[in-house]
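Fit chain B to the known structure of chain A by using the hints.
Protein chains in written order, with our numbering: chain A, 2 to 249; chain B, 2 to 249.
These are calculated hints, taken from the structure and not from any lab test. Don't take each hint at face value.
Pairs count within a copy or across copies, as identical chains cannot be separated in the list.
As the list claims (entries may be wrong) - Subject to a maximum C-alpha distance of 25 Å in a straight line, what follows is the list of computed PhoX-like cross-link-like pairs (lysine-lysine):
{"hint": "1", "residue 1": "Lys135", "residue 2": "Lys75"}
{"hint": "2", "residue 1": "Lys125", "residue 2": "Lys75"}
{"hint": "3", "residue 1": "Lys135", "residue 2": "Lys86"}
{"hint": "4", "residue 1": "Lys245", "residue 2": "Lys69"}
There are 2 protein chains.
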Amino acid sequence: MPKYKALISYDGSSFSGWQSQINSLSVQDLIEKALATILRVPMEIIGSGRTDAGVHALGQVGHFITEKEIETEKVLYSLNSLLPKEIRILDISEAPEDFHARYSATGKIYHYHLHLDPIMDPFKRKYALHLQHKLDIAELKAAASLFVGTHDFSSFANQQSQGSASLDAVRTLHRLDVIEQPGGIRLEFEGTGFLYKMVRNIVGTLLEVGGGKRLSHEIPYILSAKDRKKAGRAAEPHGLFLVKVFYS
Amino acid sequence: MPKYKALISYDGSSFSGWQSQINSLSVQDLIEKALATILRVPMEIIGSGRTDAGVHALGQVGHFITEKEIETEKVLYSLNSLLPKEIRILDISEAPEDFHARYSATGKIYHYHLHLDPIMDPFKRKYALHLQHKLDIAELKAAASLFVGTHDFSSFANQQSQGSASLDAVRTLHRLDVIEQPGGIRLEFEGTGFLYKMVRNIVGTLLEVGGGKRLSHEIPYILSAKDRKKAGRAAEPHGLFLVKVFYS
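Bound-form chain A, shown alone:
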């Protein structure tokens, strides 16, 4: 049966996240409902991974299987007509039979935006975390560099992944760049894969370092402890963007 890959962008502010959940409004639910309306059969779309409530996506990827071939341009147009404006399907293309949005992914890029001006920009209130205390950016950068490489990230993974064997928590972070931008900074994460809440837990820990509550040289010890309780709290979801999913 034909398989399709969809590129999806959404403002996560008013959704319960990507994944279907009981009694909530998820991006996946809305896309599945719109697809079912167009194709007149129940539809499922599998995402590259879940994003939490409030987390945004510039380039989420999903795949779906249809009974027969579809006209991708027409379905793209119809989907965007049916979906709320917070969600846009940017592209639909045919995918190889063995393609899987989640299991075929070879890497991802996430960005986390921090607004550091004393007064929040009203246009960024849903798209960046506002920090009102002073941030030691040099120390934050030093800490960020210690996450780069291949590590067991158990200390930065929330329960959903923590039940699994230790090997499962090994991921490679290719880069964690701290980029200055108007009003604040952007943390750019690129890696082979990310555990549940890993980016937000790393950001939360980095903010504790930048705020003087921890020292950057504690990071290797937190990593080697493989204990979620040793790391900082998850940073709020609204600063986080899933930017890109890579496939080989």
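Positioned in the frame of chain A, the structure of chain B alone reads:
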């Protein structure tokens, strides 16, 4: 009595505009209410001009008069604590006795954002007009240049100003630049003053030119007709930003 100047930014999406109106939620109302709570007396704030429902501001200016001197830093902080996050007071400073946010203004900058990609960016849905038809940007630029200079803008002013004498509709537009930006263009207006709905009426007319419904060389005739009915319809409010108000 001491007079203060406030610099204000707001996301106009959920307000009825700047100006107080019966049975509506205006930015002015909310700031006056917050000021009254802090200073414990009824307060009035006069803006540089009204912005319509849905129009945004990066640098609206208002003035208010108090019975005695206030600590500007403290009032700034308290205002931002009381106001919804869509509205931020960016600065409060003492103003000369003869300062008036509206009558002392010597010029303004407005920006109007157009998104031209076939698929709307979900993060711009409230901050740019989405055009789905093709736009002839060269023709639009040619038409835009014909607005620059000193003209009677009666044909581009809605009723609120149209009742007044012809002399009142003479304004100088210093520039109307068409700037390309990711996903579309931005129209930058800088002038001595703007009549009611003038920017949106000019944008609406420019879009008719860019869409092939009018020719750029009609603009001088529309201007000289001094007749609102000769120009195009007002462009939607959500693409418009009041960027800066100038004072001598």
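Legend entry - Hints not upheld, ascending by number: 4
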